[in-house]
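Student: Single-letter residue listing:
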Amino acid sequence: MDEKIRHILEILESDARANPEEIAALTDMTAQEVSQAIAKLEETGVIRHYKTIIDWDLAGENYVYAVIELKVTLERNLGYQAIAERIYKFPEVRSVRLLSGDYDISLTVRGRSMKDVAFFVAEKIATLDQVQNTATHFVLKTYKEDGVILHEPEAIKRLPVSL
Amino acid sequence: MRPPCDPSKFVAETIKNVPPSGIRRFFDLVSGLEDVISLGVGEPDFITPWHIREMCIHSLEKGQTSYTSNYGLPELRDELAKTYYRRYGLEYDPASEILVTTGVSEALDIAVRAVINPGDEVIIVQPAYVAYVPAVVLAGGKPVIVSTYREDDFRLTAEALEAAISSKTKAIMLNFPNNPTGAIMAREELEDIADLVAEHDLFVISDEVYECLTYEGKHVPFSSLEGMKERTIMLNGFSKTYAMTGLRLGFAMAAPEIIHSMMMIHQYSMLCAPITAQIGALEALRNGNDEMERMVREYDRRRHFVVRGFNRIGLDCFTPKGAFYAFPYVGATGLSSDEFSERLLNEKKVVAIPGDVFGEAGNGFLRCAYAASLDDLKKAIDRMGEFVDGL
Chain A
1 MDEKIRHILE
11 ILESDARANP
21 EEIAALTDMT
31 AQEVSQAIAK
41 LEETGVIRHY
51 KTIIDWDLAG
61 ENYVYAVIEL
71 KVTLERNLGY
81 QAIAERIYKF
91 PEVRSVRLLS
101 GDYDISLTVR
111 GRSMKDVAFF
121 VAEKIATLDQ
131 VQNTATHFVL
141 KTYKEDGVIL
151 HEPEAIKRLP
161 VSL
Chain B
1 MRPPCDPSKF
11 VAETIKNVPP
21 SGIRRFFDLV
31 SGLEDVISLG
41 VGEPDFITPW
51 HIREMCIHSL
61 EKGQTSYTSN
71 YGLPELRDEL
81 AKTYYRRYGL
91 EYDPASEILV
101 TTGVSEALDI
111 AVRAVINPGD
121 EVIIVQPAYV
131 AYVPAVVLAG
141 GKPVIVSTYR
151 EDDFRLTAEA
161 LEAAISSKTK
171 AIMLNFPNNP
181 TGAIMAREEL
191 EDIADLVAEH
201 DLFVISDEVY
211 ECLTYEGKHV
221 PFSSLEGMKE
231 RTIMLNGFSK
241 TYAMTGLRLG
251 FAMAAPEIIH
261 SMMMIHQYSM
271 LCAPITAQIG
281 ALEALRNGND
291 EMERMVREYD
301 RRRHFVVRGF
311 NRIGLDCFTP
321 KGAFYAFPYV
331 GATGLSSDEF
341 SERLLNEKKV
351 VAIPGDVFGE
361 AGNGFLRCAY
371 AASLDDLKKA
381 IDRMGEFVDG
391 L
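Residue numbers (the numbering used here), protein chains in the order written: chain A, 1 to 163; chain B, 1 to 391.
Each hint should be verified, as a subset may be incorrect.
What the hints assert, rightly or not - PhoX-like cross-link-like pairs, simulated, lysine-lysine; straight-line CA separation at most 25 Å:
(1) B:K218 to B:K82
(2) B:K349 to A:K4
(3) A:K4 to B:K82
(4) A:K157 to B:K349
These are computed hints drawn from the structure, not numbers from a lab.
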């Protein structure tokens with residue numbers, strides 16, 4: 001990968017709001033070059049989406065999250081992709097992953113209450129023909145989300161002057 | 001009643017001859033000030049990568065708190081030998097050619113003491129790290145200064161070096177990537193230096209602690225040049241590369257006779273480097289590459305940011321090729337480095353170290369460490385811009 005592109009992606013991965021001028025200063029490029037590079041990365045799908053990580057607990061919105069493990073049976077002409085598509089279209093579903101190991105698919109689901117989530121799984125997911133069984137794990141606390149630690153890290157004090 | 005006494009008369013003459021550090025003065029100036037942004041530190045703002053800290057903690061839990069071999073943990077020396085073979089094809093025998101020390105500072109001190117006789121001249125290339133002259137003075141040697149200049153990108157030229165060599169010259173101290181300028185040397189330029197070293201039968205103490213923080217081109221260890229391995233002590237450490245400053249771990253690589261003589265001092269003064277830090281260092285070498293590269297890329301971005309920033313506010317700034325210091329020229333403002341730094345601190349609460357602390361050749365410059373968060377760098381440059389505009 002081109003070094004400049006790697007720099008741009010790393011900057012945006014940690015701060016989606018970094019603007020072309022700021023990125024230019026960090027990469028020894030012009031703002032125009034950065035804009036063009038980003039446009040191309042967006043066009044080719046390397047940059048999928050810009051999003052914000054929110055601590056909803058702190059905002060006072062008590063969402064309930066659950067990780068759901070699914071065991072599925074594959075049918076003729078119907079692979080994992082098709083099952084995943086059926087599942088990820090529900091807006092309650094935040095992520096869908098195919099896994100190796102005991103379970104096949106892992107979902108993250110968000111709802112307004114435990115009852116909400118439980119009913120969603122029981123009515124919409126467990127009833128799918130291909131789903132053999134499900135295991136629902138409610139999230140009690142999120143410590144780190146997508147590389148971001150969700151609490152105030154304690155600042156480390158350095159001496160202001162050193163050799 | 002016994003007579004009163006002045007304890008200062010007991011202080012050794014050698015210590016009285018050591019010039020005071022210009023950086024120390026800033027400690028006192030800074031203390032008590034609030035909202036200070038510091039570009040005055042010589043250490044990473046990153047915390048030691050977690051896998052290294054975790055390994056140190058685990059070793060403590062297991063009770064690994066004993067002495068190690070004077071030379072350092074055998075596994076660590078093995079891993080160092082492998083690392084330098086892999087990186088540069090350098091072959092150092094882990095049993096006899098590597099010494100693990102308490103930071104590069106200790107390695108520097110004992111390296112100089114191991115090879116310098118009283119009266120020997122040691123060439124020091126300035127601007128230079130502040131410990132070199134004192135290390136030579138404390139060993140009874142005579143520092144001879146060679147300056148590097150902005151117009152040469154702060155590289156050492158063979159002509160300048162040759163002019164400083166006398167019949168009493170024993171050794172040269174090199175430091176590339178350089179603190180405070182960020183200069184590096186290309187292979188051809190080092191070859192010219194090596195020619196002179198061989199011609200005048202000299203020894204080289206090469207402090208390569210910023211080796212991994214080389215942003216343009218590939219670092220060339222001085223000892224990797226043909227015929228130079230036997231004439232060189234390579235000093236290096238973990239502080240800058242793996243953000244491990246306070247863990248104090250360095251090492252020296254040289255011929256067995258030299259390493260043995262350094263160990264003679266080390267065993268009686270330090271005994272061994274702290275075992276916890278050695279275990280952390282081993283983990284750093286084995287599994288720290290990704291984290292290290294991530295930090296280097298981050299420094300690289302800040303490097304571009306500060307150079308552009310300084311030039312924008314009217315301070316001519318050479319693009320450093322290594323380390324994590326920018327060295328802008330402030331002489332055009334009409335202020336000396338010292339006046340600039342002191343007023344900048346008092347009026348705008350930004351700490352930067354006056355260049356003359358690193359020798360005459362640093363006069364008119366300012367050392368600004370960009371191992372600080374981007375937010376702090378932004379604020380610092382804005383404040384410096386206001387300061388320059390107000391002059």
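Student: Going back to the hint list, which numbers does this structure go against?
Tutor: 2 and 3
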